[in-house]
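Visitor: Chain residues, written in single-letter form:
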Amino acid sequence: MTQKPIPIPDEISGPFFDGTRDGRLMLQHCSACDGWSFPVRERCPHCFAAPLQWRAASGKGTLYTFAIMHQVMNPGFAGATPYNVCQIDLAEGVRMISNVVGVPNADLRIGMDLEVMFDDVGDNVRVPKFRAVAGEKP
Amino acid sequence: MIKGSIVGLGVTPMGKIYGRRSVDFAAEAIALALEDAGLQKSDVDGLLINANIPQDMDPRTQMMLGFENLTLINVMNGYGSTAGAMMQYACMAIREGLANTVVLVYADAPLTPSRGAGASYSGPHRFPLGGMAGLKAHYGDFGANLGYAMAAQRHMHLYGTTEDHLGAIAVGQRKWAQMSPWAQMKAPMTMEDHHNSRWIAEPLRLFDCCLVSNGAVAVVVTSAERAQDLKQTPVNVLGYATCSPGDHLRTDRHPAVETGAKRSGEMAFQMAGITRDDIGTCQLYDCYTYTVLVTLEDYGFCEKGEGGPFVADGKLGPGGSLPTNTGGGQLSGYYMWAFTPLSEAVVQARGQGGARQVPSNDYVLVSGNGGILNFHSTMILSRHAS
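Keeping their order, the protein sequence lines are chains Y and L. Number 118 in numbering that gives the first Met the number 0 belongs to position 119 of the first sequence; there are no gaps in the numbering. Number 377 in numbering that gives the first Met the number 0 belongs to position 378 of the second sequence; there are no gaps in the numbering.
Worth flagging that the hints you see were computed from the coordinates, not collected in a lab. Backbone N, C-alpha and C fix where the C-beta goes; we use that ideal spot for every residue, glycine too. Be a bit skeptical, because a hint or two may be false.
Okay, the calculated beta carbon distance ranges per label pair [to be verified]: (1) Y/N123 <-> L/I16: 42 to 50 Å; (2) Y/V100 <-> L/E302: 52 to 60 Å; (3) L/D276 <-> Y/R40: 43 to 51 Å; (4) L/G129 <-> Y/Y82: 17 to 25 Å; (5) Y/R40 <-> L/D57: 21 to 29 Å.
Could you build the full structure based on these sequences and the hints that come with them?
Guide: In structure tokens, the structure reads:
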């Protein structure tokens, strides 16, 4: 069976994937304006300062919204539908796209508290995904 | 004040028409639009081309189409909002004397016999992908369906919007489509049919999603003065504005439920010197049912969050108090980015809608929308001068 696409770290996203390998969610932070940014970029979207610094984020967030995908748009997802794609509002002020794991799709609730975990997807790459915070009642 | 006048409209056959390229559809639509206007090809001195997803309508298209001595030529891209920006550029250029007769065209031919509509805009992706693009692909975040589904889900959570609300939009537009000679989808649709259509990306079903079409639409724009001597009743552009609300991947921004329609609409109404109450019919960008609902809210036809109850009584359909997407829109008519609402607006403003003609056609509101609610355009059209 074809597997899901495995991201290949490139030059600019290298520190992000180095971080996930070590179990940390690294995001870019601007020391000039104290703003965080995501996805990875060269320059601060708040004040245009560069370069940005990499900092470990808290990994805490809430579910902003989600959808359940039923279409197979890539052979790697042939056995995976229906699956969730989620937008997660991180404590740092950025909204990440990711998957929530360990929660049945029917139990996903906007506003639920989430925390990051790191999924080993092969090729020495770990991908940040989110799970319900222990004690959270979906 | 009249910004400019639409004097010609050309719409090709739409849908699963195979074996033709975008540029061929474009040529046919332009020929139809010039004939409609009573103009010659040699009259054209401006050509604005709407970019498309396959990127086969590039600036060199002007040579394939055989135009000469164009003094205005460009390919423009604000995704599904582009038609509004093209109209701005055309009208401003005409008023500045840079061109006199400007053709605006959108053409696309993504459908092939071996590929379904769902796949027509999604590939071929080369996997694996690097960096952040690879991360998105790993999550299964492909295409626009998911982005709009997430936006609709957020609206449902905040305001209690339901599947029946979205269904009311789809059902009403299918009724309109049955009266349009250009529409692709003619089979009757009930609310039950909507609810029984398969999930695409929950909470959106198949009948919440637009079609994919091969075809082209062209319009011809000129000055208000010149428009007086041509074949058709001129459709005057009285107001236009665009607004892009910004990045949706920041927690302090909510373009999923608060779109660029608000600011763009306010600017366009102010420019036209009319109010919402003057609008007799809306032609709104409807890549999804939800897009119509949130656009109506942001234009102020109802309060934020009230879009669901507002549309639930069928007021957008035939016989309703706010006839909207009277050609079936992109859901049931044809998908030509914002040239779908623009083309139907011209038909309605002229009074040429036949069975689907609405009596209240003094002022027509047209919207465009692109990205995942990241780009918005508004136009106000009328056969009146003010």
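Visitor: If a hint holds in the structure, say so; if it does not, say that too.
Guide: Cross-check of the supplied hints:
1. Distance hint check: the CB atoms of Y/N123 and L/I16 are about 48 Å apart, consistent with the given range 42 to 50 Å.
2. Distance hint check for Y/V100 and L/E302: the Cβ-Cβ separation is about 38 Å, which falls outside the suggested range of 52 to 60 Å.
3. For the hinted restraint 43 to 51 Å between L/D276 and Y/R40, the CB-CB distance of approximately 44 Å keeps it satisfied.
4. With their beta carbons about 23 Å apart, L/G129 and Y/Y82 fall inside the hinted range of 17 to 25 Å.
5. Taking 21 to 29 Å as the suggested C-beta distance range, the pair Y/R40 and L/D57 conforms, at roughly 28 Å.
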